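S.K.: So the chains spell out like this:
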Amino acid sequence: MIHVEHLTKTYGSTRAVDDLSFAVRPGIVTGFLGPNGAGKSTTMRMILGLDRPTSGRATVNGKVLADHPAPLTQIGSLLEAKAIHPKRSARNHLRALAATTGIGARRVDEVLEIVGLAEVADRVAGGFSLGMGQRLGIASALLGDPETVMLDEPVNGLDPEGILWIRNLLKDLAAEGRTVLVSSHLMSEMALTAEQFVIIGRGRLIVDVSAAQLAAMSSGERVFVRTPSGPLLRQVLAADGVEVTNSSDVADGYEVTGLDSDSIGRRAAEAGLVLFELTPTTDTLESTFMELTQDSVQYHATSATHSNRPATTPTNTTGKAA
Amino acid sequence: MSVALTTPPPTTAPAAVAVTDERRVTQRSVVVAEWIKFRSVRSNVIALASAGVVLVLFGTLFSSLAGSGEALPPNATAGTDSLSMSFGGMNLSQLVLGVLGAVFVAGEYTTGMIRTMFAAVAGRVSILRGKAVVLGVSSWIVMTIASVAVFFAGQAVYAGDGATYALTDPGVLRAVLGGGVYGAGIVLMGLALGFVLRSTAAAIGTLVATLMIAPGLVGLLPDSVSESIGKYLPSNAGQAFLAVERSDTLLSSSAGFAVFAAWAIGLMAAAVIVLRRRDA
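Here the protein sequences come in this chain order: C and F. End of the first sequence = 313 in the working numbering, gap-free, step of one. End of the second sequence = 268 in the working numbering, gap-free, step of one.
The hints are simulated quantities; they were obtained by calculation from the structure and are not laboratory data. Please read these numbers as outputs of a predicted model, since none were measured by experiment. Every residue gets a Cβ at the ideal spot worked out from N, C-alpha and C, and that includes glycine. Keep in mind that the hints are not guaranteed to be accurate.
Some chain F residues near chain C, calculated using beta-carbon distances under 10 Å [unchecked claim]:
#: 1; residue: Val20
#: 2; residue: Arg27
#: 3; residue: Ser28
#: 4; residue: Arg30
#: 5; residue: Gly95
#: 6; residue: Thr99
#: 7; residue: Thr104
#: 8; residue: Ala107
#: 9; residue: Val109
#: 10; residue: Arg265
#: 11; residue: Asp267
#: 12; residue: Ala268
Quick list of simulated restraints, FRET-style, between CB atoms [stated by the list, open to error]:
#: 13; chain 1: F; residue 1: Ala257; chain 2: C; residue 2: Glu167; range: 52 to 58 Å
#: 14; chain 1: F; residue 1: Val113; chain 2: C; residue 2: Asn159; range: 37 to 43 Å
#: 15; chain 1: C; residue 1: Ala166; chain 2: F; residue 2: Glu10; range: 52 to 58 Å
#: 16; chain 1: F; residue 1: Arg12; chain 2: C; residue 2: Glu167; range: 30 to 36 Å
#: 17; chain 1: F; residue 1: Ala257; chain 2: C; residue 2: Pro77; range: 29 to 35 Å
#: 18; chain 1: F; residue 1: Thr98; chain 2: C; residue 2: Pro60; range: 26 to 32 Å
#: 19; chain 1: C; residue 1: Glu212; chain 2: F; residue 2: Asp267; range: 43 to 49 Å
#: 20; chain 1: C; residue 1: Met(-8); chain 2: F; residue 2: Val113; range: 55 to 61 Å
#: 21; chain 1: F; residue 1: Asp267; chain 2: C; residue 2: Ala242; range: 51 to 57 Å
#: 22; chain 1: C; residue 1: Ala57; chain 2: F; residue 2: Leu80; range: 37 to 43 Å
#: 23; chain 1: C; residue 1: Ala166; chain 2: F; residue 2: Arg12; range: 27 to 33 Å
#: 24; chain 1: F; residue 1: Ile253; chain 2: C; residue 2: Gly117; range: 31 to 37 Å
#: 25; chain 1: F; residue 1: Leu205; chain 2: C; residue 2: Lys78; range: 31 to 37 Å
Go ahead and model the full structure; you've got the sequences and the hints to work with.
M.R.: Shown next, in the form of structure tokens:
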């Protein structure tokens, strides 16, 4: 378990993390999302006790991490890829880290096996690719067999095979009943792995929702229509709850919400309206994420004093079909 | 690999591993971790060994060169007595040791390893102590051995008339053993600078400036000023207890030792303060 309680971190006049509260539950993968600079890494560093909170606190399994006699067995973390001396072998790196907590050489061999580095374990880490460095970082996170695992952007620099591997590893760790918190600025990646989403922007919580709740926040179904006679299209489709907007990408394109593609096609045929294209599209979690974070940036830019917004309310889901 | 050191015999059941491992952070376990880090990077070991080798080779060379020229009086002032010839390599040795200490710490800030360590060992000062024990003790041992070796080598090749010392002569044993203490002190200063400055370049630069450049700069000041300031610099304070004979330009051996120790302790204290206060 990770509990973040009213966590705030200011650097000078900048609030990197602003009254942030959320809990990360065991048994599922929780995605920690936000645009670059949203405060994800700062939050993780405070959870690990690397940065001191300006106010509030973060606990791991009920205690501030420093109060645990063996932090490695409570939370395993990956903050920086290749945080290792370039002339030290992977095995010696892990042995040294394990030794801090009295973890034996056998566990080092085990985690090397788990992350697939057993064969290169005695090579110096300077020659490792970024992907191998990430695997080594994950090996060190698993050393203490911790109840909680926290990884900052673990898929960075990984090849497709490595990404798949991480995805499965995270799900396996969660299935074993561990608490798994993974940060990313890419919703597309997290959508495949996470069951819970903590989304922050400008250091503040935007939403803390399950995957289903997040999907329900999307603007719903949209139909892309291309026609040479836009005014006629608007006239034909005009009804309550139907919205036609000009596409920003295509000159003769229109986005229609509130009506499905069958109805649009039928009405167009009845009116003798020429259509070049008729494509139903569904909002992805990614576009919902973009909308949420985009909104937060604007929101905070205009009214920075309003701090107590309910966490689970979607902020501005436009044009939702009735 | 030295698996046998930490792994129980393979006859024990695999499940026993988690039980036999004593999984908690102690000062001892942190020292062990730092020792593994130290010995697993070859350049660390090479640097430490070369600090000792340089001391012996240069000391022997200086002694033989000095001995072949005009004989120096045994009771010459500090810096010119025969033991000072033997310690002629210390200028280079101290640089190697100081850089070793600085890089051992600042390098971890560069890679990010130090933050991995801080997350594993919440007590940051115990990491500083662990590094200090590993580097301090190992450099003390190496430099003590090298100092004793260069004393005998230097005295053996030194050809000055009646200029040789015996270990039992007053102040000689103190000066010879001082070589190990001086080496350990310098390595600790480098280490502390690494924690305070967190950058390899800055730490090495400050170290070189303090040990090598400051004495020269102070010499440019008016004599009255340079004489009163110069002897308190760490290298000159060290010189005071590395020499057998008393010199007017240096502190007494005990005062020199006190000042040198104050430099090391002061820098370590500064490192402790920044470790406790700063974000990692």
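S.K.: If a hint holds in the structure, say so; if it doesn't, say that too.
M.R.: Here is what the structure says about each hint:
1. A distance limit of 10 Å between C-beta atoms decides the matter here; for Val20 (chain F) the minimum to chain C is near 5 Å, and the interface restraint holds.
2. A hinted interface residue such as Arg27 (chain F) counts as satisfied when its beta carbon comes closer than 10 Å to some beta carbon of chain C; here the least separation is about 9 Å, so the hint holds.
3. For Ser28 (chain F), the suggested interface contact is upheld, since its CB lies about 4 Å from the closest CB of chain C, less than 10 Å.
4. The interface hint given for Arg30 (chain F) holds, since its Cβ lies 7 Å from the closest Cβ of chain C, which is under the 10 Å cut-off.
5. Taken as an interface hint, Gly95 (chain F) checks out: its beta carbon lies about 7 Å from the nearest beta carbon of chain C, inside 10 Å.
6. With 10 Å as the threshold, the beta carbon of Thr99 (chain F) comes within range of chain C, its nearest partner Cβ sitting at about 5 Å, so the hint holds.
7. A hinted interface residue such as Thr104 (chain F) counts as satisfied when its beta carbon comes closer than 10 Å to some beta carbon of chain C; here the least separation is about 5 Å, so the hint holds.
8. The beta carbon of Ala107 (chain F) comes within 4 Å of a beta carbon in chain C, closer than 10 Å, and the hint placing it at the interface holds.
9. Interface hint at Val109 (chain F): satisfied, since its Cβ lies 5 Å from the closest Cβ of chain C, which is below the 10 Å cut-off.
10. Hint status for Arg265 (chain F) relative to chain C: holds, with the closest Cβ pair at about 9 Å, below 10 Å.
11. For Asp267 (chain F), the suggested interface contact is upheld, since its CB lies about 4 Å from the closest CB of chain C, less than 10 Å.
12. Hint on Ala268 (chain F) holds. Least Cβ distance to chain C is approximately 4 Å, under the 10 Å limit.
13. Look at Ala257 (chain F) against Glu167 (chain C): about 45 Å separates their beta carbons, and that is not inside 52 to 58 Å.
14. A hinted range of 37 to 43 Å for the beta carbons of Val113 (chain F) and Asn159 (chain C) is consistent with their spacing of about 40 Å.
15. A C-beta distance of roughly 29 Å is found between Ala166 (chain C) and Glu10 (chain F), which places it outside the suggested range of 52 to 58 Å.
16. Between Arg12 (chain F) and Glu167 (chain C) the beta carbon distance is about 23 Å. The supplied range of 30 to 36 Å is therefore violated.
17. At roughly 32 Å, the beta-carbon separation of Ala257 (chain F) and Pro77 (chain C) lies within the given 29 to 35 Å, and the hint holds.
18. Checked against the hint of 26 to 32 Å, the C-beta distance between Thr98 (chain F) and Pro60 (chain C) comes to roughly 30 Å, which is consistent with it.
19. Distance hint check for Glu212 (chain C) and Asp267 (chain F): the Cβ-Cβ separation is about 47 Å, which falls inside the suggested range of 43 to 49 Å.
20. Take Met(-8) (chain C) and Val113 (chain F): their Cβ atoms lie about 28 Å apart, and the range 55 to 61 Å is violated.
21. A C-beta distance of roughly 52 Å is found between Asp267 (chain F) and Ala242 (chain C), which places it inside the suggested range of 51 to 57 Å.
22. For Ala57 (chain C) and Leu80 (chain F), the Cβ-Cβ distance of about 42 Å falls inside the hinted range of 37 to 43 Å, so the restraint holds.
23. Distance hint check: the CB atoms of Ala166 (chain C) and Arg12 (chain F) are about 28 Å apart, consistent with the given range 27 to 33 Å.
24. Checked against the hint of 31 to 37 Å, the C-beta distance between Ile253 (chain F) and Gly117 (chain C) comes to roughly 36 Å, which is consistent with it.
25. The supplied range of 31 to 37 Å is met by Leu205 (chain F) and Lys78 (chain C), whose beta-carbon atoms lie about 35 Å from each other.
Taken one by one, the earlier hints fail for this structure at numbers 13, 15, 16 and 20, listed in ascending order.
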